[in-house]
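Novice: Here is how the chains run, residue by residue.
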Amino acid sequence: MKNRTDRVKSFMQYLTLFIGAAIMFLPFFWMINSSFKTEKELLSFQSFFPKQLLIDNFRQAWEMGDFPRYFGNSVFVTVVCVALTMFVTILAAYGFSKLKFPGRDLIFTVLVSMMMIPYEMLMLTNYETIRHMHLFGKIWSLIVPFTSSIFYTYILRNFFLSVPDSLYQSARIDGASDWQYLWEIMVPMAKPSLVTIALLDAITCWNSFMWTMLMSSGNRNIRTLPFGLTAFTSEAGVHYNLWMAGATIVVIPMIVLFLFCRKSIITGVSRGGLKG
Amino acid sequence: MEVRIEDLVKRFDDVIAVNKVNATFESGKLIALLGPSGCGKSTMLNMLSGIMPVTEGKIYFDDRDVTMLSPDKREVGLVFQNYALYPHMSVLENICFPLKIKRVPKAERIEKAKEYARMVHIDDYLDRLPKELSGGQQQRVAIARALVKQPKLLLLDEPLSNLDAKLRVEMREEIRRIQRESGVTTVFVTHDQEEATSISDYIMLMKLGVKQQFAKTRNLYNDPANLFVADFIGNPTINQLHGIYEKGNFRPDAYENAIPIGRYQIEDGSRVVFASRPESVIVEKKNGKTVMEVEETYVSGKDTLCVLKAGDGRLRAYVDNDSAPQEKDLVSVSFRDRGVFVFNEESGERYYE
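Residue numbers (the working numbering), protein chains in the order written: chain A, 1 to 276; chain B, 1 to 353.
Just to be clear, a hint being listed does not mean it is correct.
[Stated by the list, open to error] Pair by pair, the computed Cβ-Cβ distance ranges are:
#  : chain 1 : residue 1 : chain 2 : residue 2 : range
1  : B       : K102      : A       : I255      : 16 to 26 angstroms
2  : B       : E108      : A       : I107      : 40 to 50 angstroms
3  : A       : A83       : B       : E170      : 31 to 41 angstroms
4  : B       : N22       : A       : D178      : 28 to 38 angstroms
5  : A       : F260      : B       : R11       : 51 to 61 angstroms
6  : A       : I255      : B       : E170      : 35 to 45 angstroms
7  : B       : H88       : A       : F260      : 53 to 63 angstroms
8  : B       : A23       : A       : K191      : 19 to 29 angstroms
9  : B       : F12       : A       : I107      : 40 to 50 angstroms
10 : B       : F12       : A       : D178      : 16 to 26 angstroms
Derived from the structure by calculation, the hints contain no laboratory data.
Ideal Cβ positions, reconstructed from N, Cα and C, are used throughout, including at glycine.
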């Protein structure tokens, strides 16, 4: 009897999870499925699946919408942004967790409380700053405001705090400097957290829309994929199959990145502290 | 390398953790810093390693003043109580790390790390991560890592406290062996007198930051400097009777008979503590001397430990199994010359004949 109730319970659990997964997955499936259809197929609802996989939509969208440039911009902005953010985050987290200086915790508290300021409010000040730096309309304007993150610093700082001080003392006695200790011991230990942070940051950078729109209003050459896609939808006219192909191009790199880092993300998210 | 400390003081706010300690640790010896918790022994070790700044006083390694030197420049190896292995590195990488920092070429440092891994008998586990090792194995790795850079001084902080009882005995012999093989001056901290007496050449016994006695291990037992040392070293603990010294005799408070103890430089009528090791108490058939009743007996190996009672006084004595009295027997008690000490009751200072 027990066995049977267990099985029913487990079935229900899987069913719930399946429904949830299906709801999450369906829009993506719809997008990818549609991107392979001809326009006629798409509008007439004759068949659920495309009769043949039409690669032509991708080629057309790629060429029509200046996607190569957007793609290049997106990759550049994302890579540089993530690299700089990681560097700044690691140094800041180390400083706020392991170095001793007056007002350390107060400064950090102030920084954390600044997370409550809505992003839209910062846009105006950031805009002014960028203009004064004479970066408006240049690709660096998409990078400079996003090279540090209090949230990531907070996550990493918590991890660093869980590392026992005896490791630091041990490394010092082994002859390592503070700098060497950070890069040889702390950073490799924090790898799962760092991968998670890098991925979250990559997704944020890749999808950044509002700011890109604002900055690229003066120069269409610095458009990145998300804004490029929106522009494309208005510039290309109503061709749903092409829109879907464009959207697929935007999403796929992030999906691939996620699949590569899946294992690290799970450890990074689930790890509570440091053992052993 | 010889280590010399002069008037070493460590103050935390208004607490004095180490108070004016002087000592010289002879080169190549194994020295134990012993004492109850809070006696300042770990603080001493941390000051020797350079982790903790010194408040006052000087530390010399041979003739070099290292008092202000940072830990990475002192050429010391330290084994932490929790071993502090780098969790993301394999055993081999852990042992290699100090050499990597020194920029020793890769092939050379791997060879050297393997040599030390063999010495501590951990060479079968080179690819394992620390979490895949037992406590004893982790400790071996920690010792190898401390030794691989060939330090002039090896420091061990409560090295055995995280191990179970059987492993503890095994590892303390291992520490002895490794110390002998490497010939490095070694200082280790412990609160366990048996651990200290079983493997060290010298013991420094501390209490509340003050050095009580620093001597060869056997002298600490045979020739304690004060009552605290006599009480701390030895298991079962030394017998203590309180009373008055009078003309070569000791008059205990607990019972009537006086004990002849010989001439000491003590004023008649002074209050003293008469202390005797259990093996220095002679138990005989009842005769004219002090008579006591056998309260309890415990057989341990070839000896029997008898608890003797007279009035409120208790004495523990080791007797050969063959001649051991029965419980409730009345026996006579006298004392050997060795293992018998007289201390000032108030200060605990020892009186000499």
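Novice: Run through the hints listed earlier and report the numbers of any the structure violates, in increasing order.
Specialist: 1, 3, 6, 7, 8 and 9
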